[in-house]
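Chemist: In case you want the letters, here they are:
10 protein chains.
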Amino acid sequence: MNEAKAKAAEEIRATKQREGLSWAEIAEAIGKPKEWTVSALLGQHPVPEDAAVKVGELLGLSDESVQALQRQPYRTGLGDAANDPTIYRFIEAINVYGPAIKELIHEEFGDGIMSAINFKLDVSRRPDPSGDRVVVTLDGKFLDYNW
Amino acid sequence: MNEAKAKAAEEIRATKQREGLSWAEIAEAIGKPKEWTVSALLGQHPVPEDAAVKVGELLGLSDESVQALQRQPYRTGLGDAANDPTIYRFIEAINVYGPAIKELIHEEFGDGIMSAINFKLDVSRRPDPSGDRVVVTLDGKFLDYNW
Amino acid sequence: MNEAKAKAAEEIRATKQREGLSWAEIAEAIGKPKEWTVSALLGQHPVPEDAAVKVGELLGLSDESVQALQRQPYRTGLGDAANDPTIYRFIEAINVYGPAIKELIHEEFGDGIMSAINFKLDVSRRPDPSGDRVVVTLDGKFLDYNW
Amino acid sequence: MNEAKAKAAEEIRATKQREGLSWAEIAEAIGKPKEWTVSALLGQHPVPEDAAVKVGELLGLSDESVQALQRQPYRTGLGDAANDPTIYRFIEAINVYGPAIKELIHEEFGDGIMSAINFKLDVSRRPDPSGDRVVVTLDGKFLDYNW
Amino acid sequence: MNEAKAKAAEEIRATKQREGLSWAEIAEAIGKPKEWTVSALLGQHPVPEDAAVKVGELLGLSDESVQALQRQPYRTGLGDAANDPTIYRFIEAINVYGPAIKELIHEEFGDGIMSAINFKLDVSRRPDPSGDRVVVTLDGKFLDYNW
Amino acid sequence: MNEAKAKAAEEIRATKQREGLSWAEIAEAIGKPKEWTVSALLGQHPVPEDAAVKVGELLGLSDESVQALQRQPYRTGLGDAANDPTIYRFIEAINVYGPAIKELIHEEFGDGIMSAINFKLDVSRRPDPSGDRVVVTLDGKFLDYNW
Amino acid sequence: MNEAKAKAAEEIRATKQREGLSWAEIAEAIGKPKEWTVSALLGQHPVPEDAAVKVGELLGLSDESVQALQRQPYRTGLGDAANDPTIYRFIEAINVYGPAIKELIHEEFGDGIMSAINFKLDVSRRPDPSGDRVVVTLDGKFLDYNW
Amino acid sequence: MNEAKAKAAEEIRATKQREGLSWAEIAEAIGKPKEWTVSALLGQHPVPEDAAVKVGELLGLSDESVQALQRQPYRTGLGDAANDPTIYRFIEAINVYGPAIKELIHEEFGDGIMSAINFKLDVSRRPDPSGDRVVVTLDGKFLDYNW
Amino acid sequence: MNEAKAKAAEEIRATKQREGLSWAEIAEAIGKPKEWTVSALLGQHPVPEDAAVKVGELLGLSDESVQALQRQPYRTGLGDAANDPTIYRFIEAINVYGPAIKELIHEEFGDGIMSAINFKLDVSRRPDPSGDRVVVTLDGKFLDYNW
Amino acid sequence: MNEAKAKAAEEIRATKQREGLSWAEIAEAIGKPKEWTVSALLGQHPVPEDAAVKVGELLGLSDESVQALQRQPYRTGLGDAANDPTIYRFIEAINVYGPAIKELIHEEFGDGIMSAINFKLDVSRRPDPSGDRVVVTLDGKFLDYNW
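For the protein sequence lines, the chains are A, B, C, D, E, F, G, H, I and J, in the order given.
For the first sequence, position 99 matches number 224 in this note's numbering, and the numbering has no gaps at all.
For the second sequence, position 59 matches number 184 in this note's numbering, and the numbering has no gaps at all.
For the third sequence, position 112 matches number 237 in this note's numbering, and the numbering has no gaps at all.
For the fourth sequence, position 46 matches number 171 in this note's numbering, and the numbering has no gaps at all.
For the fifth sequence, position 131 matches number 256 in this note's numbering, and the numbering has no gaps at all.
For the sixth sequence, position 7 matches number 132 in this note's numbering, and the numbering has no gaps at all.
For the seventh sequence, position 88 matches number 213 in this note's numbering, and the numbering has no gaps at all.
For the eighth sequence, position 42 matches number 167 in this note's numbering, and the numbering has no gaps at all.
For the ninth sequence, position 33 matches number 158 in this note's numbering, and the numbering has no gaps at all.
For the tenth sequence, position 19 matches number 144 in this note's numbering, and the numbering has no gaps at all.
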């Protein structure tokens with residue numbers, strides 16, 4: 126259902142490699158956080174018209190891709206990309222620590238969840254003498270079970 | 126393979142509810158971060174002998190449980206707890222944002238992963254006028270593909 | 126088995142975006158409820174000939190698409206669209222509340238089911254000062270186990 | 126992880142059958158909607174202390190059950206109950222109409238979801254000359270994708 | 126959720142073997158078709174009180190079993206009994222002929238289904254010189270897709 | 126492995142819709158039962174040469190399709206067509222009644238199975254004042270476990 | 126559904142090890158082929174009364190086990206025993222050579238199958254200077270697709 | 126990974142049908158057992174250069190197919206061909222008799238397996254007055270667990 | 126099928142922890158490699174009688190455990206232990222490098238496999254200034270596809 | 126997501142077969158270990174620009190393939206190649222010996238894992254009078270659970 130968006134993503138990745146552009150530079154060009162930008166350009170969010178047009182100009186995208194970027198996506202999960210080691214480590218972290226996160230959310234907030242919709246995330250590097258660290262911050266509104 | 130550890134976890138949760146103790150209080154009693162403490166007491170990490178003994182005294186655990194806590198675990202995944210909404214939102218976040226996280230790690234660090242072993246996490250509350258937020262920080266050493 | 130219907134759906138969604146038409150406008154044009162209309166045009170119901178022709182004219186569809194819309198579908202399930210958060214929340218609601226719904230149907234009606242065939246549904250917005258609400262009403266004939 | 130809650134649910138169902146009590150009567154006794162009550166007593170919600178005690182007195186439950194009802198649950202999904210025809214019809218309805226519901230939510234509200242947490246549901250009977258109908262209303266707050 | 130019903134079924138099968146009773150004899154004793162009777166006593170239908178009591182007397186069942194037979198079941202599917210060759214041949218028949226059955230239902234009746242609720246079945250032997258035949262008749266009300 | 130047969134089936138269904146032919150008419154033209162005919166033309170049985178040629182003439186099929194119809198098929202199961210409600214009801218009937226069918230076959234015939242190979246089926250309509258009925262008769266030779 | 130048969134199998138294997146009896150000796154005692162005997166005593170076939178009684182005397186089995194051996198089994202498949210290397214090699218042989226076997230059966234016999242019911246098998250050792258060989262012969266009646 | 130081999134197999138099957146050649150004739154032409162020949166030409170074994178060339182001449186294959194036949198295959202399993210009744214009966218035989226085969230191999234040979242690599246098989250017809258029989262002989266070297 | 130062996134393994138692990146014995150010391154006591162010893166005592170290999178008796182004396186095992194250790198196992202795979210990070214890294218290595226290993230085996234040896242039966246492995250530590258290394262050597266006889 | 130890399134791999138394997146080049150020769154040409162080289166050219170590692178260009182010249186690859194080789198891969202697992210016998214034996218070895226490897230790593234190093242990222246492997250032949258052996262050495266840095 127997302128074939129046009131997948132093609133747009135392929136076009137973006139190929140141009141980006143050829144032109145030597147970084148995700149950060151593209152994000153800056155449209156004035157959005159880099160994490161949102163990558164997600165949206167890979168097809169996970171609808172891109173507002175002006176941003177889609179700007180990305181289209183910056184990367185010389187086809188009209189179809191500029192249209193496709195604006196369309197509402199089906200967010201259909203990872204498929205066999207779940208086995209990719211870079212992605213799998215996050216799944217493993219949830220496997221190992223999921224129950225502890227759950228207990229601590231309930232202890233602090235009561236019965237409810239962290240929203241994955243009213244939500245943002247940040248990926249950054251923290252220098253460390255024994256090896257720099259990847260720091261991923263998940264930040265979502267607490268929603269209580271509220272009948 | 127973790128039956129004794131699972132029984133210990135049940136004993137801990139039952140006592141904790143009866144005594145009205147919080148995870149934070151138990152963590153403080155053994156001088157460990159609360160996130161590590163919950164994970165370890167639920168059976169995901171071997172507990173050092175002195176901490177196991179202290180928890181045993183604090184909660185009046187059986188000798189078998191104190192022994193079991195010290196044993197090396199099999200970290201066997203979430204099973205059907207993966208459907209629990211509080212846990213599932215984290216899986217959904219990885220589903221939706223996993224590819225973006227992967228792209229940004231490679232852009233910043235090159236080919237490699239965030240370690241889930243040399244790793245810690247923090248669960249906290251951030252006050253927000255439009256509703257307080259759950260903030261979960263995953264912090265792992267970058268490991269580059271290094272033949 | 127539904128490839129021609131899937132192509133028709135793609136053609137419909139692309140035209141609809143380009144022309145700025147809403148599902149409600151299309152539904153009105155053929156005199157059908159909007160929920161039935163979207164389902165049918167996405168390929169889940171055979172479309173009666175006159176309605177198919179009218180939609181074809183409204184959206185400028187190819188003859189193949191007008192034919193395909195009228196064909197009896199295979200209703201083959203969600204596939205990986207089951208992971209889409211907008212759809213998944215309904216699956217989660219059934220996971221969490223399915224047994225309660227079952228108990229209450231049996232208490233009220235005895236042994237039997239709500240038909241999903243003699244069935245209609247309504248999707249609407251209910252304004253609410255603390256945030257508008259999505260209200261989805263499932264309305265199916267009760268069928269009792271009747272040997 | 127929910128063994129004690131499952132035992133409490135079994136005790137409740139057995140007593141209810143023996144005493145000839147209805148879910149509606151139990152719900153009334155604790156002053157809660159019947160849909161919430163059934164879910165909670167089957168183990169899907171933590172029951173507030175006073176309600177747990179009242180149910181315990183009404184049905185003559187053991188102390189363990191009264192305690193267990195108050196505990197935070199793991200909401201672990203339907204397992205093989207997903208095959209039960211009364212429950213399956215709801216899954217089928219989501220299979221058949223899920224994409225249409227998604228399209229209509231996005232058309233009306235934009236990109237986002239119906240919350241399954243800030244959520245309630247109603248199960249009722251609507252008399253109909255050609256056979257009474259089961260009407261299930263899902264009512265959840267709209268949450269927009271909000272970075 | 127059906128443990129008490131499963132125990133009752135075990136008790137029934139054991140007694141039946143010991144006493145040398147046939148399903149047909151038990152069905153006759155309660156005045157029901159043999160197909161319904163076997164299904165119900167194996168736990169797939171709630172048994173009316175008088176029939177449950179009669180079966181209890183005929184086979185000398187425990188009170189718990191007589192109670193359990195009357196309870197509303199969760200019809201949870203075949204599990205690994207789906208591999209049993211006697212059962213699997215029916216699954217294979219649906220695999221091989223399912224699409225043909227579907228085409229013929231739609232040709233004869235239009236868009237809709239055979240009800241599996243307003244439904245009965247018959248299992249009988251048809252003598253045949255080249256080997257007697259198992260004849261299973263599925264007989265369900267046609268339900269048309271009716272919005 | 127059945128691509129050529131699948132193409133033939135598509136060609137047949139498209140022509141049949143365009144020409145307004147029924148399965149019954151096609152079956153009559155080749156002098157075979159309609160149930161066998163639909164199965165075979167959809168690719169589940171090899172079609173004898175003369176019948177394949179006759180169908181080819183009747184429907185104006187390509188030579189490739191006439192060839193493909195005669196080829197031995199791989200009968201590869203339903204895939205996601207198992208979710209189609211018209212087909213699923215038969216799977217549900219086997220889920221709910223499979224064990225009862227098994228018990229009755231063994232009671233009547235001893236240890237063995239109904240053949241799904243020496244087998245035929247019939248799909249017909251039975252008029253009924255409270256709604257016509259779909260009657261599907263499965264008729265297979267009994268085969269006893271015979272070492 | 127086979128718990129009593131599984132207990133009987135356990136009792137048989139334990140006694141057999143303790144008494145140092147071979148399967149061949151047990152098979153001889155009841156006058157049956159060893160392959161049938163092992164299958165039946167492990168629970169895959171109902172054992173005729175006289176053979177069940179003889180095995181019971183030979184191995185000193187409990188009355189429950191002697192009864193259970195005679196009961197009709199559910200043949201429920203291998204479960205995780207499918208991973209056992211000794212069993213897996215047979216699955217692999219079918220994976221690798223299944224299509225060739227199918228082609229050759231159809232070339233020799235036409236459209237149909239080898240029966241797994243009117244079927245016997247033989248396991249034997251064939252001496253070979255470069256290492257003795259396991260020879261397993263599957264021998265089943267050909268059944269042609271016969272409407 | 127085997128696309129070129131799959132195309133070669135298709136080309137072989139189509140030509141074989143058109144020319145009316147049997148597998149036995151092709152096997153004879155290259156001087157190999159028919160079972161090996163079918164497996165290899167369907168893509169399960171690399172074909173030695175001279176045999177590939179001979180098959181190419183006999184059937185008029187393209188150069189690509191002659192090349193592809195010689196390539197080392199990925200033997201990737203049956204996929205949905207496992208549901209084909211002709212193939213499934215062999216899987217069922219392993220399901221039903223796998224544990225008995227295992228017991229008898231260990232009784233005769235000790236701990237180890239039948240090799241599926243140092244292995245051959247034979248498919249033949251055995252005339253029988255009550256119906257001819259398919260006889261499949263699996264013949265593999267015994268390999269003992271040998272540290 | 127391995128319950129007695131699983132109990133023996135539990136008894137061994139509990140005693141080993143209590144007595145402070147290492148696997149290396151147990152292996153030395155029975156004169157076997159430590160890798161074989163751990164596998165066998167966890168239930169993956171039958172233990173010869175004298176070794177089983179020696180282990181029984183060393184650890185004070187019950188007679189049942191000493192018997193169970195000698196029994197032929199079903200090697201039933203990892204189940205949910207496949208998610209354990211220590212084990213998963215090996216699965217990941219096969220996922221990432223499996224095709225390369227396959228190519229290199231075929232290049233060096235031709236068509237065939239590394240035996241997992243005529244096989245041994247070694248787990249050792251290799252000191253390294255930038256962090257000691259786990260070195261696991263898999264060593265199996267090459268078996269060529271040999272009809 | 127790796128389609129371009131998969132095409133490059135196909136081009137490489139076809140040229141390599143046609144030119145009669147070995148993996149070892151290609152590896153030597155770019156000055157990398159053969160194990161890394163095969164993995165990388167099959168698409169599991171990004172290839173540095175100079176090596177990609179050299180391989181392109183050596184094998185006469187298209188520009189697209191030379192570009193694709195340099196791109197960061199998604200390492201998506203084995204899919205149905207996991208059934209290939211040459212690859213499966215490694216999975217079986219982990220199934221059978223995984224728990225033993227885990228115990229020995231923890232005994233020697235404490236709680237932690239062998240890295241699959243800071244990792245290399247070696248595939249070699251060890252001559253042996255009773256049949257040469259495949260020796261695969263997995264060599265990864267130990268990482269301790271380090272909060």
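Some hints here could point you the wrong way.
Lysine-lysine pairs mimicking DSS-like chemistry, simulated, CA-CA at most 27 Å apart [said to hold, decoys possible]:
hint: 1; chain 1: A; residue 1: Lys245; chain 2: B; residue 2: Lys245
hint: 2; chain 1: E; residue 1: Lys141; chain 2: G; residue 2: Lys245
hint: 3; chain 1: G; residue 1: Lys179; chain 2: F; residue 2: Lys245
hint: 4; chain 1: H; residue 1: Lys245; chain 2: G; residue 2: Lys245
hint: 5; chain 1: C; residue 1: Lys141; chain 2: A; residue 2: Lys132
hint: 6; chain 1: C; residue 1: Lys179; chain 2: F; residue 2: Lys141
hint: 7; chain 1: I; residue 1: Lys245; chain 2: J; residue 2: Lys245
hint: 8; chain 1: I; residue 1: Lys245; chain 2: G; residue 2: Lys141
hint: 9; chain 1: B; residue 1: Lys179; chain 2: I; residue 2: Lys179
hint: 10; chain 1: H; residue 1: Lys245; chain 2: F; residue 2: Lys132
hint: 11; chain 1: A; residue 1: Lys141; chain 2: J; residue 2: Lys141
hint: 12; chain 1: E; residue 1: Lys245; chain 2: F; residue 2: Lys179
hint: 13; chain 1: G; residue 1: Lys132; chain 2: E; residue 2: Lys132
hint: 14; chain 1: J; residue 1: Lys245; chain 2: H; residue 2: Lys132
hint: 15; chain 1: I; residue 1: Lys141; chain 2: G; residue 2: Lys141
hint: 16; chain 1: B; residue 1: Lys132; chain 2: D; residue 2: Lys141
hint: 17; chain 1: D; residue 1: Lys141; chain 2: E; residue 2: Lys245
hint: 18; chain 1: B; residue 1: Lys141; chain 2: D; residue 2: Lys179
hint: 19; chain 1: F; residue 1: Lys179; chain 2: H; residue 2: Lys245
hint: 20; chain 1: H; residue 1: Lys179; chain 2: J; residue 2: Lys245
Just so you have them, the derived chain B footprint on chain J, three or more residues with Cβ under 8 Å [said to hold, decoys possible]:
hint: 21; segment: 134 to 146
hint: 22; segment: 186 to 193
hint: 23; segment: 206 to 220
hint: 24; segment: 233 to 239
No lab work stands behind these hints, which were simulated from the structure alone.
Even glycine gets a Cβ: it sits at the ideal position worked out from N, Cα and C.
Chemist: Take the hints in turn and mark each one as holding or not.
Modeler: Taking the hints in turn, this is what the structure says about them:
no.	hint	result
1	A/Lys245 / B/Lys245	20 Å, holds
2	E/Lys141 / G/Lys245	31 Å, violated
3	G/Lys179 / F/Lys245	42 Å, violated
4	H/Lys245 / G/Lys245	20 Å, holds
5	C/Lys141 / A/Lys132	20 Å, holds
6	C/Lys179 / F/Lys141	23 Å, holds
7	I/Lys245 / J/Lys245	20 Å, holds
8	I/Lys245 / G/Lys141	31 Å, violated
9	B/Lys179 / I/Lys179	37 Å, violated
10	H/Lys245 / F/Lys132	36 Å, violated
11	A/Lys141 / J/Lys141	31 Å, violated
12	E/Lys245 / F/Lys179	39 Å, violated
13	G/Lys132 / E/Lys132	17 Å, holds
14	J/Lys245 / H/Lys132	36 Å, violated
15	I/Lys141 / G/Lys141	31 Å, violated
16	B/Lys132 / D/Lys141	31 Å, violated
17	D/Lys141 / E/Lys245	31 Å, violated
18	B/Lys141 / D/Lys179	23 Å, holds
19	F/Lys179 / H/Lys245	43 Å, violated
20	H/Lys179 / J/Lys245	43 Å, violated
21	134 to 146	violated (count 0)
22	186 to 193	violated (count 0)
23	206 to 220	violated (count 0)
24	233 to 239	holds (count 3)
Comparing the model with each numbered hint stated earlier shows that hints 2, 3, 8, 9, 10, 11, 12, 14, 15, 16, 17, 19, 20, 21, 22, 23 do not hold.
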